[in-house]
Amino acid sequence: MSTISPKTESKAEFLASSFTRIIANGKLHALFNLVMAEGRRILDDDNYESVDQKRYVLNTTLGETKQALAIAAKRTIRCCGYPLEARGGYDRKTDHHSLLVRCTDCGCTLYVEEQGERRYVPGKPDRQPVFVPKRAARANITLRMARERAGYTEVAAAKLLGIKTKRLRELEMDCSKTRLDLTERFCELYRCFSLDQIHWGREDAYKQKGEVSHA
Numbered sequence: 301m302s303t304i305s306p307k308t309e310s311k312a313e314f315l316a317s318s319f320t321r322i323i324a325n326g327k328l329h330a331l332f333n334l335v336m337a338e339g340r341r342i343l344d345d346d347n348y349e350s351v352d353q354k355r356y357v358l359n360t361t362l363g364e365t366k367q368a369l370a371i372a373a374k375r376t377i378r379c380c381g382y383p384l385e386a387r388g389g390y391d392r393k394t395d396h397h398s399l400l401v402r403c404t405d406c407g408c409t410l411y412v413e414e415q416g417e418r419r420y421v422p423g424k425p426d427r428q429p430v431f432v433p434k435r436a437a438r439a440n441i442t443l444r445m446a447r448e449r450a451g452y453t454e455v456a457a458a459k460l461l462g463i464k465t466k467r468l469r470e471l472e473m474d475c476s477k478t479r480l481d482l483t484e485r486f487c488e489l490y491r492c493f494s495l496d497q498i499h500w501g502r503e504d505a506y507k508q509k510g511e512v513s514h515a
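So the sequence shown is residues 301 to 515, counted in our numbering.
These are computed hints drawn from the structure, not numbers from a lab.
With a straight-line Cα cutoff of 27 angstroms, these simulated DSSO-like cross-link-like pairs (lysine-lysine) come out:
| id | residue 1 | residue 2 |
| --- | --- | --- |
| 1 | K466 | K477 |
| 2 | K477 | K459 |
| 3 | K464 | K507 |
| 4 | K393 | K354 |
| 5 | K464 | K327 |
With beta-carbon atoms standing in for the labels, derived distance ranges:
| id | residue 1 | residue 2 | range |
| --- | --- | --- | --- |
| 6 | D395 | D504 | 45 to 53 angstroms |
| 7 | A505 | F314 | 41 to 49 angstroms |
| 8 | I463 | T360 | 36 to 44 angstroms |
| 9 | G501 | D352 | 52 to 60 angstroms |
| 10 | G501 | K393 | 41 to 49 angstroms |
| 11 | I463 | R340 | 30 to 38 angstroms |
| 12 | Y356 | K393 | 12 to 20 angstroms |
| 13 | D504 | D481 | 23 to 31 angstroms |
| 14 | L315 | Y356 | 18 to 26 angstroms |
| 15 | D474 | N333 | 29 to 37 angstroms |
| 16 | N333 | R375 | 17 to 25 angstroms |
| 17 | D504 | A337 | 44 to 52 angstroms |
Glycine included, each C-beta is placed from N, C-alpha and C at the ideal position.
Construct the complete structure from the given sequences, taking the supplied hints into account.
Below is the structure:
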């Protein structure tokens, strides 16, 4: 993988602007697979003089799209308030493009790959959630704080999560028994890198500890 440089970012600025809102709604994985599949489909319709020429045009086009996604992800995803690092990858064996976004402060990493696959950077277990902390992230916000930081009202967040507003309010008061799939949806929607970044317990217990959010 190679870090996306500022020089190449400028070529994808316009395209990135159309991706930010979608990523802000927690749809990075779906968006990545959609634009990659669409790029392959369009290029398959064209005629090329050789297989090598087609592969070159395909990888160049998908590479630029991937750069735009990286820019949009860095603008949208939030973690510790420090700059994010975005890296694009390509596996010659599987012919899959991928995207890696990492927090430069806590090291939490988000990996997205073509074909709808969600996996860790090599060496990490496949059983873990989508969001990968290299070391424990700071649990410095409640579920309510995460929603407010992301700019969602109760009604809007509940609708995007597919739950009732009343249920969201209950979870914001006590989210200790939240299902794993729902906790991952919360993190994606609220643009948190790690499940550990949120206090998964009673809100009043969090306040009693005297913890203050600096997000």
